[in-house]
Amino acid sequence: MSQLLDTPMKLSLTISTSDLQSDILVLDARGRLVQRGCGPIQTFDVEEGIYRVKVLTGTEFQEKSIVLTKQPSEPLRFGPLSFVSSAPLAGTSTSHEYHVAAADRESRNTHVADGTGSSLFFLVRDWTPSTAKAAPPRITGNPAEGLSLHSVSTTGERKICDLAVSGVSDLRGDPWAACTIGVVPGVYELRLQLPTGEVRRQSFAASAGWQTQSFLFMRQYATESLPQWRADLSRTSVLLSRQRGFAPSEPLLRVAELARVSLATKGSGEGGEASRPLLPQEMRNLFREKFSNPMLGIYGAHLLLLEKSVDLALFRDVVGNLRGLLGSHPDVEALALRAGLQPQPVPFEQPPMLSRSWSLIADATVERPDLVTEFLAQRNTGDFLSEGPWYVRRSPSPSVDVAPNDLELSDVEAALAEDLGVLKLIRRMRQTQPQQSGQTPSTAPQPLSLPEGFGEGPLAKTPDLDEAVAPYVVDDFTHQATPASIDAPIDASRLRSMVAQFGIPSTQLKGVLTNLEQKLNRNPNVPNLRVFLK
Amino acid sequence: MPNRAIIVGIQAYAELPPTLQGPKNDAKLFYDWVTTQGGVDGNAGHATLMLGEEPPPKTAVDAKPTEETLKYQFDLLEDEAQRSPNGRAGDRLYLYLSGHGFGQSLSDASLLMANATQLRPRHHIPGRLWADHFFANGYFKEVLLFLDCCRERYGMATLNGPGTTMSPVPPNGARCFYGFATKYGKLAVERMIDGAMHGVFTATLMDALNGGASEDDGRITGESLKAYLYENMKGFLLAEDLEDSDVAKEPDLYCEPPEKDFVIARVPPREFSVTIPLPAGSEMKARQLFGEKGGKNFVKIADAAADGSLKWKLDLMRGTYQLLLNTESFVVTVKGRGAIDVTAS
Chain A
1 MSQLLDTPMK LSLTISTSDL QSDILVLDAR GRLVQRGCGP IQTFDVEEGI YRVKVLTGTE
61 FQEKSIVLTK QPSEPLRFGP LSFVSSAPLA GTSTSHEYHV AAADRESRNT HVADGTGSSL
121 FFLVRDWTPS TAKAAPPRIT GNPAEGLSLH SVSTTGERKI CDLAVSGVSD LRGDPWAACT
181 IGVVPGVYEL RLQLPTGEVR RQSFAASAGW QTQSFLFMRQ YATESLPQWR ADLSRTSVLL
241 SRQRGFAPSE PLLRVAELAR VSLATKGSGE GGEASRPLLP QEMRNLFREK FSNPMLGIYG
301 AHLLLLEKSV DLALFRDVVG NLRGLLGSHP DVEALALRAG LQPQPVPFEQ PPMLSRSWSL
361 IADATVERPD LVTEFLAQRN TGDFLSEGPW YVRRSPSPSV DVAPNDLELS DVEAALAEDL
421 GVLKLIRRMR QTQPQQSGQT PSTAPQPLSL PEGFGEGPLA KTPDLDEAVA PYVVDDFTHQ
481 ATPASIDAPI DASRLRSMVA QFGIPSTQLK GVLTNLEQKL NRNPNVPNLR VFLK
Chain B
1001 MPNRAIIVGI QAYAELPPTL QGPKNDAKLF YDWVTTQGGV DGNAGHATLM LGEEPPPKTA
1061 VDAKPTEETL KYQFDLLEDE AQRSPNGRAG DRLYLYLSGH GFGQSLSDAS LLMANATQLR
1121 PRHHIPGRLW ADHFFANGYF KEVLLFLDCC RERYGMATLN GPGTTMSPVP PNGARCFYGF
1181 ATKYGKLAVE RMIDGAMHGV FTATLMDALN GGASEDDGRI TGESLKAYLY ENMKGFLLAE
1241 DLEDSDVAKE PDLYCEPPEK DFVIARVPPR EFSVTIPLPA GSEMKARQLF GEKGGKNFVK
1301 IADAAADGSL KWKLDLMRGT YQLLLNTESF VVTVKGRGAI DVTAS
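In order, the protein sequence lines correspond to chains A and B.
Per the working numbering, the very first residue in the first sequence carries number 1; after that it's consecutive.
Per the working numbering, the very first residue in the second sequence carries number 1001; after that it's consecutive.
Chain A with its partners taken away, still in its complex shape (with noise of 0.2 angstroms):
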């Protein structure tokens, strides 16, 4: 009874929001997250005190604060929040009037008519707030400047067109740059030239009777000089429309945005809340109601997938949807391999757009190494990057990435020497061999040089590892010593978990432990490796 009577009273906290996507914060007079939820509406019971909600919609966010002594009579509502999208939607804050204008306009017209049954549309376009206006105008050029959309399969491989040449632009204001080119459906690759002559390529998927729409801002990219701007893959934002033109106030445009924003900021067990739903209930009730918007399906799904109890029934329905709706496309048979469905994706011939599909597919190639074509996988022998959500690569550029000689060690060749203990070992023996001019063998570590005029404070010496070991490259190793050698057994679990950290299919993994194997027991300076592929 006593525990009854202690027990606080429990008050209902309302609170509405104009987004299904909205994140809702419930923080206590001291900023401790009491609760969580979603949009559109969400009652929470908490004990009386003063309350801080804030609502989070993309990467903005709102605040109010209340004082909670009673049971309030109606929700605390949060009107539309405008977030920064590189899509110049309706009710985003990064958009002017003419961007919009130019989208609706000319996406609508063909620049390029490669091909029919299928449309990509872009759009590069920079945005300054109206407080920064900089003078002289910090872009000069073309901003599609360096982009060129090529077709690449068995067969060959053909540029169709450079953007800033075919498309339309305009530099007054915040420059825009726009091109539409009629395609036959299948994936095309999107380049990157950068000032350095980096090479960045990204896949886009043209689906029959659909129009693909990517957005993208710029950036500044470095040079030896000055740096210059280019588009910004890493914030594309990508739509489809099934009627060819873009269509700003459309409201399943705003929900899909939403979720790639989602996908691009959340990870799985973000916030150490690893069983919070990242996909709102109105979310999950518009996909059971076959959805027509595939972007968003697509989205929806990883989302689901990073989800830590994921909702299995609904995302096979949303997969055989978006199977219904696109018909072959690289990111929904990537989905398909989660979902179990029939039939079962074939090895694939291109890259999916979005790096967690390649995540989805590099990781089922332990399971099924011909899952990937070896067409597929010589394309992507370069940097595996994950600009944002989606999946980027990168070619070298010949002026900067020389070709390294035959004992010295790629990135990845050298991130797996490090996790197979081939890099701490050469640490170790060089704290313990004897060092030049006949010095005497030492475990002490040599002092680090530090900067004149720092002497505060008692410090740990450290070793002075940088004349010892040149990073990667360990054909140096010129003092004698015994070479110990590694035995590296790698089951399925391992290789699973190789395959995730680096973004490499098991066989092309399989071929980079081989190299590195024959690189280190080529040289006699260094440990042995001995790779036991079970």
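Don't take every hint at face value.
[Said to hold, decoys possible] DSBU-like, lysine-lysine: derived pairs with alpha carbons at most 30 angstroms apart: (1) A:266 / B:1234; (2) B:1313 / A:54; (3) A:64 / A:54.
[As the list claims (entries may be wrong)] Using C-beta positions, here's what the derived DEER-type ranges look like: (4) A:14 / B:1261: 28 to 38 angstroms; (5) B:1086 / A:225: 47 to 57 angstroms; (6) B:1082 / A:328: 49 to 59 angstroms; (7) B:1086 / A:308: 29 to 39 angstroms.
Derived from the structure by calculation, the hints contain no laboratory data.
Glycine included, C-beta positions come from ideal geometry on N, C-alpha and C.
Knowing the structure of chain A, use the given hints to seat chain B on it.
Coordinates of chain B only, in the frame set by chain A:
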């Protein structure tokens, strides 16, 4: 077992502009804190402070500390844990890293080491991967990571990690707190604070650890530290920073639950002398202030009769309070540095 700390501050890079001005100050502040309030015995050599050279050498290949320097320190801790009968190298590990950096994933950020260049970002240390390594393998009971660097998306795979053979489940009772200066893709900034240049994240962190984040009983917990950092970092930003969508307004924080049970330090709570501006016309109204105190959610903190002025001076802990002027209600928010907001309720 002893607590350990590895603290790195690199502010001048040979080939990676611009030169920073905060990391050395920040690393020294953190070093001072861990060796006084943080439970690390600096005299026993349990705290390692690594600063970049000033001025840096002409070429990055000669610059220190490098990722190999830091990995060697990690090796030493790992070896010590593996030699120890209980498998641990200490009770608690602090990792503090400050300098240029980038974000390679949603969950991690990397400090660019002194030998990094724009074209050689491979010279980096991924903070969380290493913190997780020490945490999940049980080499320490508690691991705290603070990374004050940018988290721009770089075209770079994660290298220099501890490997993929990590135990997926940390030992029972293990705790961790990871604090990044920014969310993924955002920039961290440094500003002039108290007459010296500091990263705004570290400045807020030090305020928090010096009593700003203390509960009434003096405990700084994972929960109270998160609350303080989320609320107060933006207080050090300039107006132009607040308008810049690339600049982080909040840090990115992770604490192994239950957050309130992780006691990071015990420091007397800090009270701020504040003057609450009262709305015009309330000179002759009695004043009452309600809020959290002594573990109770909603109690009267103070009251005063009308004194004919429009100011009410009080010493208050950070938090949100209800101000009653007769029956008229307002919300008063006291922030970390004593700044206050008063809004109608």
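Quick rundown of the hints versus the structure:
no.	hint	in the structure
1	A:266 / B:1234	holds (22 angstroms)
2	B:1313 / A:54	holds (29 angstroms)
3	A:64 / A:54	holds (7 angstroms)
4	A:14 / B:1261: 28 to 38 angstroms	holds (31 angstroms)
5	B:1086 / A:225: 47 to 57 angstroms	holds (56 angstroms)
6	B:1082 / A:328: 49 to 59 angstroms	holds (51 angstroms)
7	B:1086 / A:308: 29 to 39 angstroms	holds (31 angstroms)
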